[in-house]
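Under full-length UniProt numbering, the first residue of the sequence shown carries the number 1, and numbering increases by one thereafter.
There could be a bad hint or two in this list.
Stated by the list, open to error - What follows is a set of in silico ranges between Cβ atoms, one per label pair, in the way DEER data are often shown: (1) D169 - D28: 18 to 28 Å; (2) D268 - G100: 21 to 31 Å; (3) E64 - R99: 41 to 51 Å.
These are computed hints drawn from the structure, not numbers from a lab.
Quick caveat, the model's predicted, so the values are computed rather than measured.
Heads up, the beta-carbon is just placed ideally off N, CA and C, and yes, glycines get one too.
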Amino acid sequence: HDEMDFASRRRRRLSPPPPRLRANMSLDARSSFVFKAKLAEQAERHDEMVAAMKALCSLEDAPELTVDERNLLSVGYKNVIGARRASWRILNSIEDKERGKGHEEQAEKVKEYRARVEGELKDVCTEVLDILDNKLLSNSNNGAESKVFYYKMKGDYYRYLAEVSSTEDREAASKKADEAYSEATAIASGSDSGDGLPPTHPVRLGLALNHSVFYYEIANDPNKACELAKSAFDDAIADLDTLTDESYKDSTLIMQLLRDNLTLWTSDLYDEEGDE
């Protein structure tokens, strides 16, 4: 599980609906883009949701995004990339099955289709990474929470690139994902400036969740994945008194995902040791 699972569990908990507009009520450009994004989210038209938030990020005078705006951007892209990741995995599996049956002609057709989806997926990742590097992370007014959020997001989209890449491209994307996650971790823990996030903060927990998934699925380092997930879970348990009512549901849900992964991964490790 990574935060894609978390997002799917929250799907019914949409952003507050856009405000009703009176005939004489006008919106400035920024508010207008937020309105469009929320409207598109309600209609489950995530490509348009992303387009509105991308336009907001491109405003010349756009200051740091609010938490609401940041979440709209993240949720929009999670849905856009999530659909393509799911399609890629399905097609990859079908291609393998066709080759296994000796159906080379069909397998090649599936491969062509998968390559098209892969191209779309890579384009989305490149677009997100460009927004992060050139718009959001370059804003010097970002606080610790925003920086952690954006570096984690950067790690996620390099991880998605690594998932569908091979050889050198996979290694390069993997390295950049790990660097972004590590930068986010340094800020979250306060080792960068001393002003970090508590272990129970949902952004810090989400970072640990996704970084551990990276170690397990991309870096093929299950021991490191388990170590990171267990450390994040234990630190959060020890610091439960800092948990606010506002973030209780999100934090405990991510903690559950961390524990689920730990159970699965440690079971796999024991099975491997038994095989040896």
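These are the hints, each one checked on the structure:
At about 42 Å, the CB distance of D169 to D28 disagrees with the hint of 18 to 28 Å. The supplied range of 21 to 31 Å is met by D268 and G100, whose beta-carbon atoms lie about 24 Å from each other. A hinted range of 41 to 51 Å holds for the C-beta pair E64 and R99, which are about 49 Å apart.
Hint check: a violation occurs at hint 1 only; the rest are consistent with the structure.
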